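Peer 1: Each protein sequence line maps, in turn, to chains P and H. In terms of the numbering used here, the numbers along the first sequence are unbroken and rise by one, the last being 289. In terms of the numbering used here, the numbers along the second sequence are unbroken and rise by one, the last being 382.
Hint data in this document are derived by calculation from the structure and do not stem from the laboratory. Just so it is clear, the structure is predicted and the values come from calculations on it, not from any experiment. Some hints could be false.
Keeping only pairs whose Cα atoms sit at most 20 angstroms apart, straight-line, the calculated SDA-like set for lysine to any residue is [as the list claims (entries may be wrong)]:
{"no.": "1", "chain 1": "H", "residue 1": "Lys287", "chain 2": "H", "residue 2": "Pro219"}
{"no.": "2", "chain 1": "P", "residue 1": "Lys243", "chain 2": "H", "residue 2": "Gly82"}
{"no.": "3", "chain 1": "P", "residue 1": "Lys22", "chain 2": "P", "residue 2": "Pro52"}
{"no.": "4", "chain 1": "H", "residue 1": "Lys337", "chain 2": "H", "residue 2": "Val380"}
{"no.": "5", "chain 1": "H", "residue 1": "Lys81", "chain 2": "P", "residue 2": "Pro240"}
{"no.": "6", "chain 1": "H", "residue 1": "Lys287", "chain 2": "P", "residue 2": "Gly19"}
{"no.": "7", "chain 1": "H", "residue 1": "Lys154", "chain 2": "H", "residue 2": "Gly82"}
{"no.": "8", "chain 1": "P", "residue 1": "Lys243", "chain 2": "H", "residue 2": "Asp270"}
{"no.": "9", "chain 1": "H", "residue 1": "Lys183", "chain 2": "P", "residue 2": "Pro75"}
{"no.": "10", "chain 1": "H", "residue 1": "Lys120", "chain 2": "H", "residue 2": "Gly54"}
{"no.": "11", "chain 1": "P", "residue 1": "Lys22", "chain 2": "H", "residue 2": "Lys287"}
{"no.": "12", "chain 1": "P", "residue 1": "Lys109", "chain 2": "H", "residue 2": "Asp107"}
{"no.": "13", "chain 1": "P", "residue 1": "Lys243", "chain 2": "H", "residue 2": "Tyr241"}
{"no.": "14", "chain 1": "H", "residue 1": "Lys183", "chain 2": "H", "residue 2": "Thr105"}
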Amino acid sequence: MSVLVDEDTRVVVQGITGGEGKFHARQMMKYGTNVVAGAVPGKGGQDVDGIPVYDTVAQAVEEENADTSVIFVPPAFAGDAIFEALDTDLDLAVAITEGVPTQDMSRVKKRLSETDTRLIGPNCPGLITPGEAKLGILPGNIFSEGDVGLVSRSGTLTYQVVDNLTNRGIGQTTAIGIGGDPIIGTSFIDALELFENDPDTKAIAMCGEIGGEDEEEAAAYIDEHVDTPVAGFIAGRTAPPGKRMGHAGAIVSGSGTGTAESKINALNDAGVPVGDTPEEVADHIESFL
Amino acid sequence: MKLHEYQAKGVFADAGIPTPESTLASDVDGVLEAAEEIGYPVAIKAQVQVGGRGKAGGIKLADDEEEAREAADAILGMDLKGYHVEQVLVEQAVDFTDELYVGVTMDRGEGKPVAMVSTKGGVDIEAVAEETPEAIASEHVDPAFGMHPYQARKAVYDAGVDPELARDVASVLTTLYQLWDDKDGADAEINPLMVTADDEIIAADAVMNVDEDALFRQPELAEMEAEAASGDELERKADEYDFDYVRLEGNTGIIGNGAGLVMTTLDLVDYYGGEPANFLDVGGGAKASRIANALDMVFSDDNVDSVVFNIFGGITRGDEVAKGINEALEQFDEIPKPVVVRLAGTNWEEGMEILNEELVTVEETLEEAVQRAVAYAEEVNQ
Numbered sequence: 001m002s003v004l005v006d007e008d009t010r011v012v013v014q015g016i017t018g019g020e021g022k023f024h025a026r027q028m029m030k031y032g033t034n035v036v037a038g039a040v041p042g043k044g045g046q047d048v049d050g051i052p053v054y055d056t057v058a059q060a061v062e063e064e065n066a067d068t069s070v071i072f073v074p075p076a077f078a079g080d081a082i083f084e085a086l087d088t089d090l091d092l093a094v095a096i097t098e099g100v101p102t103q104d105m106s107r108v109k110k111r112l113s114e115t116d117t118r119l120i121g122p123n124c125p126g127l128i129t130p131g132e133a134k135l136g137i138l139p140g141n142i143f144s145e146g147d148v149g150l151v152s153r154s155g156t157l158t159y160q161v162v163d164n165l166t167n168r169g170i171g172q173t174t175a176i177g178i179g180g181d182p183i184i185g186t187s188f189i190d191a192l193e194l195f196e197n198d199p200d201t202k203a204i205a206m207c208g209e210i211g212g213e214d215e216e217e218a219a220a221y222i223d224e225h226v227d228t229p230v231a232g233f234i235a236g237r238t239a240p241p242g243k244r245m246g247h248a249g250a251i252v253s254g255s256g257t258g259t260a261e262s263k264i265n266a267l268n269d270a271g272v273p274v275g276d277t278p279e280e281v282a283d284h285i286e287s288f289l
Numbered sequence: 001m002k003l004h005e006y007q008a009k010g011v012f013a014d015a016g017i018p019t020p021e022s023t024l025a026s027d028v029d030g031v032l033e034a035a036e037e038i039g040y041p042v043a044i045k046a047q048v049q050v051g052g053r054g055k056a057g058g059i060k061l062a063d064d065e066e067e068a069r070e071a072a073d074a075i076l077g078m079d080l081k082g083y084h085v086e087q088v089l090v091e092q093a094v095d096f097t098d099e100l101y102v103g104v105t106m107d108r109g110e111g112k113p114v115a116m117v118s119t120k121g122g123v124d125i126e127a128v129a130e131e132t133p134e135a136i137a138s139e140h141v142d143p144a145f146g147m148h149p150y151q152a153r154k155a156v157y158d159a160g161v162d163p164e165l166a167r168d169v170a171s172v173l174t175t176l177y178q179l180w181d182d183k184d185g186a187d188a189e190i191n192p193l194m195v196t197a198d199d200e201i202i203a204a205d206a207v208m209n210v211d212e213d214a215l216f217r218q219p220e221l222a223e224m225e226a227e228a229a230s231g232d233e234l235e236r237k238a239d240e241y242d243f244d245y246v247r248l249e250g251n252t253g254i255i256g257n258g259a260g261l262v263m264t265t266l267d268l269v270d271y272y273g274g275e276p277a278n279f280l281d282v283g284g285g286a287k288a289s290r291i292a293n294a295l296d297m298v299f300s301d302d303n304v305d306s307v308v309f310n311i312f313g314g315i316t317r318g319d320e321v322a323k324g325i326n327e328a329l330e331q332f333d334e335i336p337k338p339v340v341v342r343l344a345g346t347n348w349e350e351g352m353e354i355l356n357e358e359l360v361t362v363e364e365t366l367e368e369a370v371q372r373a374v375a376y377a378e379e380v381n382q
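Model the full assembly from the supplied sequences, consistent with the hints where possible.
Peer 2: Written as structure tokens, this is what we have:
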């Protein structure tokens, strides 16, 4: 079982003729993902390894019944590409692009509230249901099939925690990288809700980081609505205030909000143990199973 | 990217927000000339990117030429919280009766812009927000429509601004929002917005943070970036190499890929009793030359006693990383500081085959790599 993606998901890759788009479309297909089309303005009629390319997402939906988009479009055009995906009523759009201007995402978020499409990202590695399909850039070989749902703001931290799990024989239902930007489509709460409602997810690993208040809000949500056991990790305990630590969203404000401490305390108060190391997260997960 | 005060004031003035007459100067003669032109009294203000300039002696008032000379001598060339003051803004000193605050920022929780007004201007507004949030009136703005004039008026009335001034303050707020929107602002603030004896309002300070991800469509602001660059030499070098880099106080250098994993590596250095010297994210898909630049960066920090390299490849390939580490280290007769490498993920096996293990220490897990680097740093200090 899985959330959001499975072997029947029909994927259109926006930006499939670009370097990243082409490489990762191939990687996705190699993993088994059902890539049915590409969409690149001006490249309609071409193909990539036999996958037809259309000028618009609407054509890809009409001709190939695509229901999900994975977006590999440069930052200057990514906001527009997400709008295009939202306006074709896809079930899911996954924006991999890093560096989308925040004001563009603010407008996207507004539009998102008026559609039924779910957006993941931007600035994210995507998501994967091991053994079925992966959408995005995650390295498929470190994942394994199993009972654990994973949600994370960071791509490489996802890989690290998954590695700790897989190494001791603990597989995953679905792993979702929600992205490290200040404004994103799918939040921790959204992902937690999906995992809570998935009968096959027996435990959840949640990897957060400094900046914003999403983890605190997620902790309150877990307290109220989540019965599946959750283990947490928060990156950035040593980050100084006022410095942006790589991710646009990872900054501790001068007034002290968004600190690792407040997030860890909130999670602990909600009954969520937080590992000091990724290995400890795996310890907690193991104890739940 | 944070603009200097004089740059932000220029941008605000161009948009039609009233600002005091001012001139930038970089030597004493320039200060005196500017003060003569503007007319005494003047304020002389250090142009560096730190908060609390006034308290640190970076802002002085001058009533005449002698005081202006003394102030210029004191401020130009001073070390202000680690930043060397090379320029000052010479500005008409405004005689005020009241101080307000207006600002626009992105509320990331709501995903919407928020415009704010307070009659408690002239002080640390973050402290006001924390202690008396009711003293700040705020209005969320629909990013698709922009700010309606009624919203600016509502914020101004809610804040309890003197009715005589309400119209003018609302107009400044509307202009500030439009400017923030047009210029891809992250934050735009006027604190204080001064009220003069004849009920005029004027922006005595100006803060503008620009979204760095949007600089591609803000060519004028991108040009200012070079000037607004950090005062720290290593951080400037990191800008050149285009790394996400933050310098810290410790002695264990840290290089990795992906913000979350690099932060985690920092936290583990701390957890195992060491002190992180820096945060350096090489980003996704780094090629060999970039890896070599990262090592060059961290080696050139005198505080660093050991380096831990933590790569979990997704889009980044282990063989490229290994090649870069070899290239960077093979040019030394003796490696300047011990380097510990941990490679996992995409092409890690190919990477391990290439990696010159005579030059580095290899550890299999993140925990082992961090502990070894911390131990090396400790040895240096014994």
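Peer 1: Run through the hints listed earlier and report the numbers of any the structure violates, in increasing order.
Peer 2: Those not satisfied are hints 1 and 7.
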